[in-house]
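Each chain, letter by letter, is given below.
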Amino acid sequence: MAVIEIQNLSKWYDMVLGVSDITARIEPGVTGLLGPNGAGKSTLMKLLTGQMKADTGHAAIGGIPVWNRIALYEIVGFCPDMEKFYERLTGHEFLTYMARLHGLPKKAARETAFEGMCRLGLEDAVDKRIGAYSKGMRQRLKFAQAILHDPPVLLLDEPLQGMDPLGRMQCVEMIREFGRRGKTVLVSSHILHEVEEMTHRILVLNHGQLLAEGDVHEIRELIEEQPRHVRIQTPKRRELSNILVAFPEVQTISFEEDPEELTVQTLSPDAFFQRLPALVLEQHIPITQIATLDDNLESVFEYLVKP
Amino acid sequence: MMDLRARVVYPLTALVTVNTRMSLMSRKVLFPAVIVSFPLLLVLIFRLIFAIWGPPSNDPADQDPYTMYSVLCVSLYLQFVVPLAALLKGMTTFYEEIEEGTLMFLRLRPVPRVLIITGKFLAYVVTVSLLLIISLWSSYAILSSIPGSDMFWGDLKILLKDTWILCLGLAAYGAVMMLVGTYFKRSILMGIFLLFVWDAWAAYIPGSAHKFTIKHYLQSIFPHQRESRGVQGIIDALLSQNTPSSMTVSVITLLLVVAACIALTTLAFQFKDLSGAPEGD
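For the record, the sequence lines run as chains L and P. FYI, this note's numbering numbers position 166 of the first sequence as 166, with every residue one higher than the one before it. FYI, this note's numbering numbers position 63 of the second sequence as 63, with every residue one higher than the one before it.
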């Protein structure tokens, strides 16, 4: 049964599209919300946490409509994608404050806050002011305030951004554990492999629209079916292109404005990269630079939106 | 009972104590503190002059510590310090959470919105009242120390009455400023107009306009009254609508102003989209 239900949700900022006509059902376990910067992930998160009113459509979490219902916050924990804090409080004071707002008496709130800090590896920073926290520590603190009241639903907006490797590892493991325990976790990211570490279920968002929904491996296969572009820099551009034309994996070759640059389009980048070094040695063609142009997620999304 | 404590008492206590502490630790409290300390500074200077050179005037009426305290209360604390402190601190009571991007942490807790606004408002009242009490009581104590004065014990009741009326004034002005700060884009201009144009001059408009000012109700219950002399006295006598309201009416009206402003600010918090466009997305 779906815990998060989204129906035809749209939001505009004056003339700028936030999200458009999104419909999705999210079930218990971890679901990744994948999309490049500006895709509408944070807007969707804000809509789902009732911080923003949708222009059209409807969303509910655990059967509770998300706009203007304080009961929602009993069951939802949110880790925002922003850097704002009460800088003068210590991390422990901040978490104690948040716990007291959840109805805990002072002593219990202090204990819960301390446990929360220890859980995220912040026990050494208990009495340190948030203003003096590093980016990674602030990220952990944001995560800690989201899970403080042990909510059954977690919405995490880029929770690993800026975290140190150890912190990332701990958080990824924690998120997986939440999923195993039957919590519903929606975690956004613009990095594919980051999401893959946590879940195989993803929603792909771009330009405010839901492009794909399903297994991350299916999406990857879809991506791998798309041609890749490789830019090569060589003083012997013409000679190199004559040889590359004979490669079965090469689809097209185009010359760039720079007289030493050409771009190769290939469907099998692995095979292409295996063959290239031998060619360089055999034919004595010096190559000064190679760059793949499609490794970032945005270009993957471009492939997905192509008709 | 437990439910009421968990839903109201614990969150409200947390909101008041944490926000009061944060306010007192913040650099933003410095300016209101300077404003509130201004009368105390004048009293200190006067007392120093008195101690070094003796009484500055030969007229015994001008040297009476109680008269000086009275003038200080009406001309500075009531008409200048309280409205200005409310403008500077009250206006940002709720708006600073929006401006500093921390509103989300409050918004995502299962706490009734009215409780959040009330908690933040009470923190403002406690913070500025603390500053005011330090300044007012110190001024009183310093003036009482003038040789020959029997003011300290004799007029203590008046001091206590002044204190709660000025604190009520801080609450009423602050509530209006909190509302203005939440609803208006150019809130500072609006605040200045309401406090120093409308509130100060409405008494000169024929009819009942003065009853729509906070100043009218505060002056009605304030133990000290301003004496206008000369031309100002004639203008006041001819034009000013100055029939005081009763203590009950005044206190109830001021409390209603506070309640209405809290309710309207809560409405903004509840229904207005205060989040803005996301930065990263």
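Be aware that a few hints might be false.
Subject to a maximum C-alpha distance of 30 Å in a straight line, what follows is the list of computed BS3-like cross-link-like pairs (lysine-lysine) [unchecked claim]:
| hint | chain 1 | residue 1 | chain 2 | residue 2 |
| --- | --- | --- | --- | --- |
| 1 | P | 272 | L | 84 |
| 2 | L | 107 | L | 183 |
| 3 | L | 236 | L | 84 |
| 4 | L | 53 | P | 185 |
| 5 | L | 135 | L | 107 |
| 6 | L | 84 | L | 53 |
| 7 | L | 135 | P | 211 |
| 8 | L | 106 | L | 183 |
| 9 | L | 183 | L | 53 |
| 10 | L | 107 | L | 128 |
| 11 | L | 84 | L | 107 |
| 12 | P | 272 | L | 53 |
| 13 | L | 183 | L | 135 |
| 14 | P | 28 | P | 272 |
| 15 | L | 53 | L | 106 |
| 16 | P | 185 | P | 272 |
| 17 | P | 28 | L | 128 |
| 18 | P | 157 | P | 211 |
| 19 | P | 28 | L | 106 |
| 20 | P | 161 | L | 84 |
| 21 | P | 28 | P | 161 |
| 22 | L | 84 | P | 185 |
| 23 | L | 84 | L | 128 |
Negatives, chain P to chain L, calculated, CB over 12 Å [as the list claims (entries may be wrong)]:
| hint | residue |
| --- | --- |
| 24 | 19 |
| 25 | 105 |
| 26 | 130 |
| 27 | 185 |
Bear in mind the hints are in silico, worked out from the structure with no lab data behind them. These figures come from a predicted structure and were not determined experimentally. Idealized CB from N, CA, C, for every residue including glycine.
Comparing the hints with the structure gives:
1. P:272 - L:84: 21 Å, holds
2. L:107 - L:183: This hinted pair holds, its Cα atoms lying about 27 Å apart.
3. L:236 - L:84: Violated, at roughly 53 Å.
4. L:53 - P:185: The given pair, whose Cα atoms are some 21 Å apart, holds under the 30 Å limit.
5. L:135 - L:107: 29 Å, holds
6. L:84 - L:53: Holds: residue 84 (chain L) and residue 53 (chain L) sit about 21 Å apart, inside 30 Å.
7. L:135 - P:211: The hint is violated at about 54 Å.
8. L:106 - L:183: With Cα atoms ~27 Å apart, residue 106 (chain L) and residue 183 (chain L) stay inside 30 Å; holds.
9. L:183 - L:53: Distance of about 25 Å is within 30 Å: holds.
10. L:107 - L:128: 20 Å, holds
11. L:84 - L:107: 26 Å, holds
12. P:272 - L:53: With Cα atoms ~9 Å apart, residue 272 (chain P) and residue 53 (chain L) stay inside 30 Å; holds.
13. L:183 - L:135: Since the Cα atoms of residue 183 (chain L) and residue 135 (chain L) sit roughly 27 Å apart, the hinted pair holds (cutoff 30 Å).
14. P:28 - P:272: Judged against 30 Å, a Cα distance of about 26 Å means the pair holds.
15. L:53 - L:106: 33 Å, violated
16. P:185 - P:272: 14 Å, holds
17. P:28 - L:128: 22 Å, holds
18. P:157 - P:211: 28 Å, holds
19. P:28 - L:106: Holds. Residue 28 (chain P) to residue 106 (chain L) sits at ~27 Å (cutoff 30 Å).
20. P:161 - L:84: 42 Å, violated
21. P:28 - P:161: It holds: about 29 Å lies between the C-alpha atoms, which stays within 30 Å.
22. L:84 - P:185: 22 Å, holds
23. L:84 - L:128: Holds, because 16 Å separates the two Cα atoms, which is no more than 30 Å.
24. 19: Per Cβ check, residue 19 (chain P) is inside 12 Å of chain L; nearest 9 Å; violated.
25. 105: Violated, since 7 Å does not exceed 12 Å.
26. 130: 17 Å, holds
27. 185: 16 Å, holds
In this structure, the hints that do not hold are numbers 3, 7, 15, 20, 24, 25, in rising order.
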